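2 protein chains.
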Amino acid sequence: MFYQYPSVQKLYQLSKNPIDLTDPQYLTVERIQEFLIQTEEILYFYGMQRVTSEVLDLLYRLAKESLCVEKMKAMQNGEIVNSIVGFASEHRQVLHTASRDFFDHANESLEAKKAAKTALEEVEKLQMFCAQIDRDDRWTDIVQIGIGGSDLGPRAIATALEAYYKKNRRIHFISNVDPDDVAGLLKQLDLSTTLFISVSKSGTTLETLTNEYFVKEALKAARLHPKNHMISVTGKGSPMDDPSQYLASFYIWDYIGGRYSCTSMVGGVVLALAMGFDRFIEFLRGAHQMDVMAKIKDPSKNLPLHGALLGIWNRNFLSYPTVAIIPYAQVLHRFSAHLQQLDMESNGKQIDQQGKHVSYQTGPVIWGEPGTNGQHSFYQFLHQGTDIVPVEFIGFVQSTYEKDLSFEKSTSQEKLLSNLLAQSIALAQGYFDKNPNKNFPGNRPNSLMFFSKLTPKTMGMLLSYYEHKIAFQGFIWGINSFDQEGVQLGKRIAEKMLHLFQGIAEDFPLGAAFLEKIFTLKK
Amino acid sequence: MFYQYPSVQKLYQLSKNPIDLTDPQYLTVERIQEFLIQTEEILYFYGMQRVTSEVLDLLYRLAKESLCVEKMKAMQNGEIVNSIVGFASEHRQVLHTASRDFFDHANESLEAKKAAKTALEEVEKLQMFCAQIDRDDRWTDIVQIGIGGSDLGPRAIATALEAYYKKNRRIHFISNVDPDDVAGLLKQLDLSTTLFISVSKSGTTLETLTNEYFVKEALKAARLHPKNHMISVTGKGSPMDDPSQYLASFYIWDYIGGRYSCTSMVGGVVLALAMGFDRFIEFLRGAHQMDVMAKIKDPSKNLPLHGALLGIWNRNFLSYPTVAIIPYAQVLHRFSAHLQQLDMESNGKQIDQQGKHVSYQTGPVIWGEPGTNGQHSFYQFLHQGTDIVPVEFIGFVQSTYEKDLSFEKSTSQEKLLSNLLAQSIALAQGYFDKNPNKNFPGNRPNSLMFFSKLTPKTMGMLLSYYEHKIAFQGFIWGINSFDQEGVQLGKRIAEKMLHLFQGIAEDFPLGAAFLEKIFTLKK
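Top line first, the protein sequences correspond to chains X and G. Under the numbering used here, the residues of the first sequence are numbered 1 to 523, in order. Under the numbering used here, the residues of the second sequence are numbered 1 to 523, in order.
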């Protein structure tokens with residue numbers, strides 16, 4: 001499909017001779033000012049990408065030819081976009097946008113309205129629950145038990161918004177089936193003032209049920225009644241939708257994929273308990289604002305689409321295999337891990353929606369750590385390695401806590417921003433030195449996204465930006481970004497392996513060979 | 001250089017037709033048992049790599065031709081291996097191994113003995129200091145202030161060994177110049193019982209001095225005397241070697257690179273305060289044990305060399321651009337970030353030691369998160385993405401806290417290990433399904449390293465394994481793994497940028513153009 005778009009053929013021709021950013025004609029003041037998308041709240045600089053107006057025009061044409069904005073509207077309006085034609089597949093709607101579709105410019109289909117209404121009911125339930133929790137005034141610690149989508153996103157966002165927490169409230173997460181994960185946390189907590197949120201859409205996730213069992217046993221050992229300390233977020237009617245076991249249950253639906261569930265109750269309960277209900281609504285408002293932008297037809301006004309197109313240029317035409325996402329904000333230190341899941345689980349696919357093997361690269365490896373820390377770590381590779389990594393920088397003009405000091409005539413925030421801008425320029429521009437070891441080849445593309453400040457609202461915008469950037473790329477590649485069949489085989493083999501541990505007969509000589517060896521180590 | 005080795009030419013021929021692991025003749029019980037390195041404490045399975053005995057023989061020959069074991073010995077014995085011939089360079093010894101070279105089988109050169117003796121003096125100073133701290137019995141929280149090598153490694157290891165901490169001791173890290181990093185931590189601490197460790201070899205690291213200034217101001221605001229709450233780890237005679245400002249100072253030397261400094265006082269002080277001096281010595285003992293192994297000539301008995309060779313096969317001959325390091329141990333959740341620094345800052349180079357531009361790929365992108373969490377995140381990509389990522393799995397037979405429960409007939413540790421082994425097999429073996437979306441292509445190489453349990457000693461072994469694996473790859477590629485000139489350009493431009501913030505005249509129109517735009521966002 002992808003290769004059949006006329007624009008793709010032309011882009012392929014142009015990509016044989018892309019611009020070199022170290023050529024002084026390119027990195028000019030005019031280019032910085034022109035290759036820019038500006039809204040009231042966001043600045044997005046892409047002058048350090050290896051694109052010309054000609055490339056951009058063709059990318060915009062690709063957006064048109066692939067009908068990706070139409071597909072975005074179809075998605076938000078509840079059409080079945082999670083499917084593979086002609087083969088058994090999940091065959092579902094994809095309606096995470098409905099979980100925040102109760103502000104201005106709501107989607108108009110009946111399906112979207114229905115999903116938004118159901119979502120709003122949960123939000124209102126949550127509002128009452130938060131008020132009750134405030135009245136009770138007894139919980140100091142909130143622990144979310146979940147894995148994958150029920151962990152990475154909520155954890156990344158809760159961590160990012162720590163400055164906005166209610167006083168004396170601490171938030172923790174248990175995810176891994178590794179018994180050390182739960183044991184390490186439990187020994188720090190006063191269980192009598194701790195509330196646990198168990199999160200599993202199906203109510204059957206192995207890791208989550210196992211960790212919940214640990215928690216319940218610990219509560220019992222502390223002479224506490226588990227039910228009084230646990231709430232659940234799950235599908236209606238799942239084994240975890242059980243008033244005899246939980247103080248309350250909040251619902252999610254199968255049209256909200258795990259990795260897209262941050263703005264549903266999966267992220268909602270923990271975020272509202274952490275920072276208060278009103279701030280959670282601001283977070284939703286920001287996400288919704290980006291949802292609306294994602295439906296704009298003109299790619300130069302549609303940020304997630306624009307980001308998607310530049311990503312496709314770097315991935316399919318300049319052939320860069322990875323993307324680094326580097327926020328210059330320490331509190332975003334788990335955000336890249338969330339985006340790693342969001343992107344790689346969505347677009348790490350090799351079958352298109354017709355079930356055909358693709359003949360082009362799909363989603364890249366996503367990785368990253370915050371700056372300035374990364375500068376003292378992997379930036380050596382970014383500047384002088386043999387491979388090129390496109391970088392997506394994220395910055396905020398103001399600090400979150402607004403507790404800053406001046407040291408040696410500049411504030412920390414000024415130092416942070418100076419470093420961010422300097423790296424963007426240095427990677428693109430390079431520097432010639434006669435000493436080959438001090439020479440910087442440059443021509444390393446990057447973009448810069450700036451917000452005024454990290455707030456619940458801008459966090460919502462940033463999250464939704466990436467959700468849609470990824471969805472747009474999937475639409476353009478013609479793949480299904482919303483299933484995850486690739487996780488099934490490991491589960492099936494793990495079950496056989498577990499049988500070997502349990503002494504249940506299994507025809508699995510390879511597994512048995514491993515086990516035999518491993519037990520020679522055990523003391 | 002690399003391409004001149006006869007083995008490289010032959011490997012290149014073989015790499016045109018590498019084995020396919022999905023061919024049933026390969027993944028056999030015999031192969032699992034044979035493609036294995038076993039010591040008393042470690043099991044290293046590499047049968048799931050795309051190698052044959054013929055490939056292995058040639059890789060072993062490459063080790064011989066490149067003289068890499070001789071170079072390892074030269075390094076440990078204090079020869080100047082950090083240099084570029086014919087150009088200004090750091091021109092230094094590389095003696096991080098000396099920081100733990102006071103057990104059996106010590107290196108015998110005068111230089112190595114001298115460095116080990118100096119290191120031991122600091123260790124003894126630390127022992128006395130720890131005893132004093134124990135007697136004082138007043139510190140509840142220890143905070144390390146450092147960045148890059150003074151942060152990632154110590155943080156990863158301290159986090160990994162949390163189960164071994166002394167009672168009522170909490171460890172924290174401040175690294176980023178982002179003012180939110182220090183502000184977020186300070187508001188949680190009781191400063192009167194907090195001890196800060198400032199770490200900078202030069203005593204001039206911008207981020208660290210800035211954060212130290214924040215801390216001192218906070219101590220003063222709490223009517224505490226900064227000197228009574230601060231110790232330093234720095235070079236002798238640096239601005240931070242100052243008894244008027246610090247309770248104590250511990251020393252490091254320029255022959256210990258930041259990213260290789262975990263076993264020096266950079267990691268030593270915080271680790272010994274966290275878990276006690278004796279456990280810190282066990283950590284050093286483990287690292288040293290691997291140092292000794294790294295000098296064994298036979299690659300089949302030299303684990304880090306063996307790992308390096310397989311990495312080179314994957315990188316230079318099978319052309320995989322990234323490596324995922326995935327520990328099945330949640331407490332190792334920062335270890336991949338440390339290895340990202342260690343590897344990418346060491347081997348993200350494009351100049352060989354003769355100052356010539358290399359014509360082959362050097363260090364890959366290193367990334368990873370713990371399993372089983374990754375299974376619910378990026379494993380979709382690992383199994384079904386269009387790119388192949390070699391995986392280095394790390395496992396432990398027993399859990400660290402040894403607090404485990406049986407749920408649905410198996411313990412959490414058994415579930416964890418079952419998943420680990422299952423993933424290794426699934427990635428290599430794949431699975432055919434008529435539904436293309438449920439088909440697993442397999443043939444995705446990986447290795448498995450097992451220890452009996454994560455202890456200070458095995459953590460030391462694991463750390464040293466990677467330090468030497470990376471050094472061996474650098475030796476074979478003929479590059480200098482021990483400098484980091486690639487970080488300089490960004491620093492220089494950041495300084496110019498900072499001048500713009502301070503209103504100091506700078507001929508830097510590009511920087512000014514960015515700033516002007518960014519301030520339009522500022523509220």
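Heads up, a few of these hints could be off.
Intra- or inter-copy, both count: the list cannot distinguish identical chains.
For lysine to aspartate or glutamate, the following EDC-like pairs were computed, each having C-alpha atoms within a straight-line distance of at most 16 Å [said to hold, decoys possible]: (1) K220 / E40; (2) K236 / E495; (3) K117 / E34; (4) K166 / D136; (5) K187 / E79; (6) K496 / D23; (7) K113 / D507; (8) K167 / D387; (9) K114 / E79; (10) K216 / E122; (11) K71 / D298; (12) K457 / D20; (13) K216 / E408; (14) K438 / E408; (15) K453 / D404; (16) K457 / E516.
These are computed hints drawn from the structure, not numbers from a lab. Note that the structure is predicted; figures quoted are calculated from it, not measured.
Item to complete: Could you tell me which of the numbered hints above are not met by this structure, giving the numbers in increasing order?
Response: 1, 2, 3, 5, 6, 7, 8, 10, 12, 14, 16
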